[in-house]
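Student: Protein chains in written order, with this note's numbering: chain Y, 53 to 372; chain B, 10 to 282; chain V, 433 to 735.
Warning: the hint list may mix true and false statements.
To be verified - Straight line, CA to CA, 20 Å or less: simulated EDC-like cross-link-like pairs of lysine to aspartate or glutamate:
| hint | chain 1 | residue 1 | chain 2 | residue 2 |
| --- | --- | --- | --- | --- |
| 1 | Y | Lys317 | V | Glu633 |
| 2 | Y | Lys317 | V | Asp648 |
| 3 | Y | Lys317 | V | Asp683 |
| 4 | V | Lys686 | Y | Asp240 |
FYI, nobody ran anything at the bench for these hints, they're computed from the structure.
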Amino acid sequence: MTAPLLQVDDLHVRFPISGGGLLGRGRRMLHAVNGISFSLAKGECLSIVGESGCGKSTTALSILGLQEPTEGMIRYRGLPLAGPGAPGRMQRAKAVQMVFQDPYASLNPRQSVRSSLAAPLRLHGFTAGSEIDGRIEVMLKNVGLTPEHANRYPHEFSGGQRQRIGIARALILEPEIVVLDEPVSALDVSIRAQIINLLLDLQEKLGLSYLMISHDLSVVEHMSDRVLVMYFGQIVEEGGWREIFEAPAHPYTRRLIAAIPDPEKALNTAELQDCVSDVPQFAGRSFISDGSTAPDVFTAPAPSELVEIGASHKVRLASA
Amino acid sequence: MRLGFNFWLGTGLTALVIFAGVLAPWIAPFDPVLDADLMSSELPPDATFWFGTDAQGRDVYTRILFGAQISLTVGIVSQVINSIIGVTLGMTAGYWGGWWDDLVNGLTNVMLAIPSLIFALAVMAVLGPGLPSLLVALGLTNWSWTCRIARSSTLSLKSQGYVQAAQTLGYGDLRIMFTQILPNMMGPILVMATLGMGSAVLSEAALSFLGLGIQPPFPSWGSMLTDARQLIQLAPWVAIFPGLAIFLSVLGFNLLGDGLRDSLDPHMRTRKP
Amino acid sequence: MTAPLLDIRSLHLGVALGRSAHHPLLKGVSFQIMPGEAYGLVGESGSGKSVTSLAVMGLLKRPLAVSSGEILFKGQNLLTLPKREMRRLRGNRIAMIFQEPMTALNPLSTVGRQIAEMFVLHQDKSWNEAQKLAIDALASVRVPNPDRRAKNYPHQMSGGLRQRVMIAMALACNPDLLIADEPTTALDVTVQAEVLRLIKELCAERGTAVLFISHDLGVIASICQRVGVMYAGCLVEENETRALFDTPRHDYTKGLLGALPRLGSRSQHGRQRLVDIDSIIADRSKLTETRFIAPRGIEGSQP
Ligand SMILES: Nc1ncnc2c1ncn2[C@@H]1O[C@H](COP(=O)(O)OP(=O)(O)OP(=O)(O)O)[C@@H](O)[C@H]1O
Ligand SMILES: Nc1ncnc2c1ncn2[C@@H]1O[C@H](COP(=O)(O)OP(=O)(O)OP(=O)(O)O)[C@@H](O)[C@H]1O
Ligand SMILES: [Mg+2]
Ligand SMILES: [Mg+2]
Chain Y
53 MTAPLLQVDD LHVRFPISGG GLLGRGRRML HAVNGISFSL AKGECLSIVG ESGCGKSTTA
113 LSILGLQEPT EGMIRYRGLP LAGPGAPGRM QRAKAVQMVF QDPYASLNPR QSVRSSLAAP
173 LRLHGFTAGS EIDGRIEVML KNVGLTPEHA NRYPHEFSGG QRQRIGIARA LILEPEIVVL
233 DEPVSALDVS IRAQIINLLL DLQEKLGLSY LMISHDLSVV EHMSDRVLVM YFGQIVEEGG
293 WREIFEAPAH PYTRRLIAAI PDPEKALNTA ELQDCVSDVP QFAGRSFISD GSTAPDVFTA
353 PAPSELVEIG ASHKVRLASA
Chain B
10 MRLGFNFWLG TGLTALVIFA GVLAPWIAPF DPVLDADLMS SELPPDATFW FGTDAQGRDV
70 YTRILFGAQI SLTVGIVSQV INSIIGVTLG MTAGYWGGWW DDLVNGLTNV MLAIPSLIFA
130 LAVMAVLGPG LPSLLVALGL TNWSWTCRIA RSSTLSLKSQ GYVQAAQTLG YGDLRIMFTQ
190 ILPNMMGPIL VMATLGMGSA VLSEAALSFL GLGIQPPFPS WGSMLTDARQ LIQLAPWVAI
250 FPGLAIFLSV LGFNLLGDGL RDSLDPHMRT RKP
Chain V
433 MTAPLLDIRS LHLGVALGRS AHHPLLKGVS FQIMPGEAYG LVGESGSGKS VTSLAVMGLL
493 KRPLAVSSGE ILFKGQNLLT LPKREMRRLR GNRIAMIFQE PMTALNPLST VGRQIAEMFV
553 LHQDKSWNEA QKLAIDALAS VRVPNPDRRA KNYPHQMSGG LRQRVMIAMA LACNPDLLIA
613 DEPTTALDVT VQAEVLRLIK ELCAERGTAV LFISHDLGVI ASICQRVGVM YAGCLVEENE
673 TRALFDTPRH DYTKGLLGAL PRLGSRSQHG RQRLVDIDSI IADRSKLTET RFIAPRGIEG
733 SQP
């Protein structure tokens, strides 16, 4: 059996928060990520959904090496990606790249498109100018821009075009995994479709694996193969997109789905059906939390485990 | 973006100082040091000596033109040193954080607590008087504000997507600081340096006035004021013109700095749609 | 026949550039809001939705200025109203909720006091009375423990609670018109759903008309009876919500509706390519030339 492309095992991230006391008295730990495990296969799009502050970005940053995990293991093709023995920035850069949420903040206003694409290539050992130019040209075409765009500066582009440049920059080193942190939520509604289509096309064409973070569930349903539902640093439900959207089990997942303002739903059903109340029971075990009250982020969560309730469909239940 | 009257006034005054300093050897009617003539000392302004003459009979106008060279050198060199120190410390402190940040912060606070003239005096006392030590003294004095600005800009730029992107692309820390962060905070740093030139000119005048800066007979606006001390009743022009030169150049640098700051202020710029 | 509560007539508005130059932002926007009606404005970012609402509130700041047109509120032209009168209307008869509640609330004062101030200011209540009314107002927006929460400062509350406080403040004096400019964009989906439901129910209860600005079509569909679509400073299409979603007529509206993945459509029809708005629209500069404004419904405003 081949190892999955990316394997995250029991990832914990805690941040020290200085409390009110003087001299570091009352220093508390904020439990941002509490034991997350998942794997990402080649060519797959895995989405993480959950509310603000539940630790989605922290998880992604750990994978990118921008946040040191407190505990846990991240492996890329079986080799550790964090902790001692981890590869340097250079090798990691060829494995994982990221597309950022805000296309206005994610491009250096003082670098032309060409130089923001050429610099990483030079850094990674490409010296021939013709090869660099060739790669930039191919990449710009891939993301739907023209080679002439290379000499322009970010402020000369619209939000959608900037996001294309951000995608080009993420792909220029030909990584296998691309982390998409809210890739369309900062874009105008009318151009989101173009970026979503582009991301799906590129995934197919280049065999990319996506780890997508989003709170827009309709985008998640459209793009994902598998979905992780996160709630305060833990995965509460995990499954294929069909299981999550058609047979959500955890009350939090149900609340999320019920809350999506969808025009179809709003116009056709008079009242939101209360799918939160008739939650199924699993072997008489209860959920730790139904996601309606915020747990304390300064204590570790109560013991619980992910229980398989169907083929590749898992849900978190209180420990028996 | 519209730049106001003040900005253009500042630019004009600054340009005047630069012209005076750079062109002094060609446009000055006399030699600032050698053309001493006790026969024509303390003459009031007239057609030959536009600003009058001093106790040694040297043309005040000529000495002011040459004094601009000193003021400019002091202003620019000390601010270059200040900016290099401030940016290096502030940027690395903001970027790396941790104990280095604490250390730099502590140092900055100590520097801010010492009156800058006193600090410069102390440095001058160690290095002895003269232009080079004056440059070093003023260069070591005023970097704390630049450092603070560099640090806070770095903190906010550090979380910008393009800096994170550079990290994920494998850039080293120094490369990120110099290619991604520094160019994007040059604006405020430049403003600080321009404003700092004004205070450096003032400090130079003060130190020279105290006899620690430029040594006679070479002219600096501050040392000219020192010489004028006893003459202020008899020949007020000997004091008025250097004083005016200091006032106008400091005003010029400050207006220019303010204008630059306003033009770089994001609130004054229209957001790109 | 009922008279419209708010009647905006061919509003032109722009940025003053120097003495005579003028960059237009709104190019003749007209629409009406009936008493008790929820009217939605959607449209591209930068199309002028927010400046329209600011014009109604009389809050346009230099260099923005109305160049022509009328804004009639209960028959009264707000543009010619003296500043004093306008201040009396604002907060009292016309209220507004902003996108980011943190910036709209005073960080140095408790939320209870800020709500109470509305009663003191507009209804001449004493502070004691107003304080009690403020707690009632907090209860009405379903803030748990309203008497305790009234003593909180804005930063001690979550985003959702803060937005509720904004709503309580806005609805304190039972305004006739509530303007909500993207009130839920900064909130999580679950919180957004609750806040939306709250706005919808409270306004229906009190007969408050709503001008609801959003870029989220789902949100608009769940709140509004009638929707206007803005593009580049023009109202290019207007219709009853149902009709607009079923039969969009303007190209931009069609693009907008097709551009979004719909929940559940993947399981019904498989993954379909989303509509690229640029493939529908050949020439964006011609978009504002055609306009589809559907007449008001039969039971509506037939004269
Ligand atoms: N550097 C940090 N120091 C302290 N706390 C942090 C830090 N980064 C994140 N946190 C905290 O960790 C928690 C998880 O943050 P994270 O950014 O991962 O959330 P998120 O799920 O990405 O939220 P959002 O949807 O708002 O982006 C939050 O409570 C946040 O305040
Ligand atoms: N103070 C101002 N000075 C100059 N231009 C302005 C000013 N305020 C707004 N604009 C311009 O007016 C246009 C309309 O802005 P407005 O804020 O109304 O857009 P919007 O439809 O609310 O967009 P969004 O969906 O992004 O909130 C934009 O092109 C904007 O750049
Ligand atoms: Mg995040
Ligand atoms: Mg707006």
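Student: Against each hint, give a clear statement of whether it holds in the structure.
Tutor: Against the structure, the hints:
Only pairs whose Cα atoms come within 20 Å are accepted, and Y/Lys317 paired with V/Glu633 is accepted, the gap being roughly 18 Å. Of the pairs offered as hints, the one joining Y/Lys317 and V/Asp648 holds, with about 14 Å between alpha carbons and a cut-off of 20 Å not exceeded. Under the criterion of a C-alpha separation no larger than 20 Å, the hint pairing Y/Lys317 with V/Asp683 is inconsistent with the structure, at around 23 Å. Taking the CA atoms of V/Lys686 and Y/Asp240, the gap is near 15 Å; set against the 20 Å cutoff, the hint holds.
Violated hint: 3 only; the structure is consistent with all others.
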